[in-house]
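With these hints in hand, go ahead and build the complete structure from the sequences.
First residue of the sequence shown? That's 1 in our numbering, and the numbers climb one at a time after it.
FYI, nobody ran anything at the bench for these hints, they're computed from the structure. Please note that a few of the clues may not be correct.
As a list, the in silico DSSO-like pairs of lysine-lysine whose alpha-carbon atoms are at most 27 Å apart [claimed, not checked]:
1) K92 x K127
2) K33 x K127
3) K15 x K74
4) K2 x K92
5) K74 x K10
6) K127 x K148
7) K127 x K87
8) K74 x K2
9) K2 x K77
10) K77 x K127
11) K114 x K77
12) K77 x K15
13) K77 x K148
14) K77 x K33
15) K78 x K114
16) K150 x K114
17) K148 x K78
18) K87 x K148
19) K78 x K15
20) K148 x K2
21) K87 x K39
22) K150 x K2
23) K92 x K39
24) K33 x K92
25) K93 x K127
26) K33 x K15
27) K10 x K39
28) K78 x K2
29) K33 x K93
30) K33 x K114
31) K150 x K78
32) K78 x K33
33) K33 x K74
34) K10 x K77
35) K2 x K93
Derived Cβ-Cβ restraints for the label pairs, each shown as a range [said to hold, decoys possible]:
36) K87 x G121: 19 to 27 Å
37) S80 x W42: 33 to 41 Å
38) Q32 x F90: 23 to 31 Å
39) K2 x T118: 22 to 30 Å
40) G119 x M1: 23 to 31 Å
C-beta atoms are modelled at their ideal positions from N, C-alpha and C, and glycine is treated no differently.
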Amino acid sequence: MKISVSNLNKFVFFKLPSAFICGVRVQYFDEQKCVVSVKHRWISQNPFNSMYWAVQGMAAELASGALVMQQIQKSGKKVSMLVANNKGNFSKKATGRISFVCADGILVQNAMQKAIATGEGQSFWMKSIGTNENGEIVSQMDFEWTIKVK
1 MKISVSNLNK FVFFKLPSAF ICGVRVQYFD EQKCVVSVKH RWISQNPFNS
51 MYWAVQGMAA ELASGALVMQ QIQKSGKKVS MLVANNKGNF SKKATGRISF
101 VCADGILVQN AMQKAIATGE GQSFWMKSIG TNENGEIVSQ MDFEWTIKVK
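See below:
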């Protein structure tokens, strides 16, 4: 599968059905940046009339993970990928459409090159920043990805 916006959204439908049902969708994708959005709705709410943290986490993880998937595909090698750690910070109620942007493609490229050259597993942190429709940051998620050439 060639990594593209439409193919990533198909991937979400077939492999991440809970994210799809909650409305998580890829909006933009290139080698350096991925934008994933999700709208605050009944299915994604918490008791405080904002978006549940786990729904934000699904969107944020996809924004970083898509960049990892692309570099794996580009390498032409069998590479395993896994989230080893994550951190989240919530600074404002998440209501309306929230867009998560991860612009850490260069980190993945560097880690992939090193993993292929050394044969050793690599770990690296990627940041997804969630903003509301007014451009205000509502949350920031950091994911420690690990990759290893099989």
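Evaluation of the provided hints:
1. K92 x K127: At roughly 17 Å apart (the allowed maximum being 27 Å), K127 and K92 satisfy the hint.
2. K33 x K127: holds (11 Å)
3. K15 x K74: Roughly 21 Å separates the two Cα atoms, so the pair holds.
4. K2 x K92: violated (36 Å)
5. K74 x K10: holds (19 Å)
6. K127 x K148: holds (20 Å)
7. K127 x K87: Roughly 9 Å between the alpha carbons, so the hint for K127 and K87 holds.
8. K74 x K2: holds (9 Å)
9. K2 x K77: Holds. K2 to K77 sits at ~15 Å (cutoff 27 Å).
10. K77 x K127: holds (25 Å)
11. K114 x K77: holds (13 Å)
12. K77 x K15: holds (21 Å)
13. K77 x K148: Since the Cα atoms of K77 and K148 sit roughly 10 Å apart, the hinted pair holds (cutoff 27 Å).
14. K77 x K33: holds (22 Å)
15. K78 x K114: Satisfied, since the Cα-Cα distance of roughly 15 Å is no more than 27 Å.
16. K150 x K114: holds (14 Å)
17. K148 x K78: Roughly 9 Å separates the two Cα atoms, so the pair holds.
18. K87 x K148: holds (22 Å)
19. K78 x K15: holds (19 Å)
20. K148 x K2: Satisfied, since the Cα-Cα distance of roughly 21 Å is no more than 27 Å.
21. K87 x K39: Distance of about 22 Å is within 27 Å: holds.
22. K150 x K2: Within the cut-off at roughly 21 Å; holds.
23. K92 x K39: Distance ~15 Å between K92 and K39 Cα, so the pair holds.
24. K33 x K92: Distance of about 24 Å is within 27 Å: holds.
25. K93 x K127: holds (19 Å)
26. K33 x K15: holds (22 Å)
27. K10 x K39: Cα-Cα ~18 Å, so holds.
28. K78 x K2: OK: K78 and K2 at ~16 Å, within 27 Å.
29. K33 x K93: holds (25 Å)
30. K33 x K114: holds (21 Å)
31. K150 x K78: Distance ~6 Å between K150 and K78 Cα, so the pair holds.
32. K78 x K33: Measuring from Cα to Cα gives roughly 23 Å; hence the hint holds.
33. K33 x K74: Holds, at roughly 15 Å.
34. K10 x K77: Roughly 23 Å between the alpha carbons, so the hint for K10 and K77 holds.
35. K2 x K93: violated (36 Å)
36. K87 x G121: 19 to 27 Å: holds (21 Å)
37. S80 x W42: 33 to 41 Å: holds (37 Å)
38. Q32 x F90: 23 to 31 Å: This hint holds: roughly 26 Å between Cβ atoms.
39. K2 x T118: 22 to 30 Å: Holds, since K2 and T118 (Cβ atoms, about 28 Å apart) stay within the stated range.
40. G119 x M1: 23 to 31 Å: The hinted range 23 to 31 Å holds for G119 and M1, with Cβ atoms some 26 Å apart.
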